[in-house]
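A.B. asks: Protein chains in written order, with the working numbering: chain A, 810 to 924; chain B, 128 to 245.
Source of the hints: derived by calculation from the structure; they are not laboratory data.
No experiment lies behind these values; they were computed from the predicted model shown.
A portion of the hints provided could be inaccurate.
[Unchecked claim] The calculated DSBU-like cross-link candidates involving lysine-lysine, where the alpha carbons are at most 35 Å apart (straight line), are:
hint : chain 1 : residue 1 : chain 2 : residue 2
1    : B       : 195       : A       : 839
2    : B       : 185       : B       : 196
3    : B       : 196       : B       : 237
4    : B       : 237       : A       : 861
5    : A       : 822       : B       : 237
6    : B       : 196       : A       : 839
7    : B       : 195       : B       : 185
If you want the building blocks of each chain, they are given just below.
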Amino acid sequence: DAGVTQSPTHLIKTRGQQVTLRCSPISGHKSVSWYQQVLGQGPQFIFQYYEKEERGRGNFPDRFSARQFPNYSSELNVNALLLGDSALYLCASSRLRAQFFNEQYFGPGTRLTVT
Amino acid sequence: AQSVTQLGSHVSVSEGALVLLRCNYSSSVPPYLFWYVQYPNQGLQLLLKYTSAATLVKGINGFEAEFKKSETSFHLTKPSAHMSDAAEYFCAVSDPVYSGGGADGLTFGKGTHLIIQP
Chain A
810 DAGVTQSPTH
820 LIKTRGQQVT
830 LRCSPISGHK
840 SVSWYQQVLG
850 QGPQFIFQYY
860 EKEERGRGNF
870 PDRFSARQFP
880 NYSSELNVNA
890 LLLGDSALYL
900 CASSRLRAQF
910 FNEQYFGPGT
920 RLTVT
Chain B
128 AQSVTQLGSH
138 VSVSEGALVL
148 LRCNYSSSVP
158 PYLFWYVQYP
168 NQGLQLLLKY
178 TSAATLVKGI
188 NGFEAEFKKS
198 ETSFHLTKPS
208 AHMSDAAEYF
218 CAVSDPVYSG
228 GGADGLTFGK
238 GTHLIIQP
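Using the sequences provided together with the hints, build the complete structure.
C.D. replies: Have a look at this one:
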């Protein structure tokens, strides 16, 4: 079975630009979560989407937004990019919403560099 | 609010030696706890999880962890290190109380880089 896939693998953007990252969950998984991992740190929770609705949000500014499509794939959008947005963006999928007892499967991530 | 502290950003052990990676958590309620491993240029892979059943949890690749409520700890161990264990290890916590409108994400520690000496 295919795992969680993310695209693109790497991305370089300029300050002030906007970026869209994409994630396809494992087949049958209805929940997608996004995490930001800054170099040298652990991942930080950004969003969770379940059944196409936002179910959880971490402590990130409104420049960050996301959506989930009917096929359960998801996009993460970041507007007005700042240098501090440079990070590895991880997508994770799970079968159900409650992530504490459902194993989350992580994708390889998208490496975003803002110059 | 929940938090995770991983003691030691880098841990170096010899091949064949015991691996001990420390994790302490802070949570208002008995938490769910996880250990993930991240190899270079890859996503995170779940090693094991504690969900209030047995306090000693066995995971993949010979790793295990013991939940100690009195010490608020969930340390990861492996009896004999292998070169392939070299990676970044993350401890994470999740509040099992379903908040409905709140964040359901995992809270991760800063990670411990495990180095295996030949």
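A.B. asks: Take the hints in turn and mark each one as holding or not.
C.D. replies: Hint check results:
no. : hint            : verdict
1   : 195/B <-> 839/A : 33 Å, holds
2   : 185/B <-> 196/B : 18 Å, holds
3   : 196/B <-> 237/B : 21 Å, holds
4   : 237/B <-> 861/A : 30 Å, holds
5   : 822/A <-> 237/B : 26 Å, holds
6   : 196/B <-> 839/A : 33 Å, holds
7   : 195/B <-> 185/B : 15 Å, holds
The structure fails none of the hints (numbered hints given earlier).
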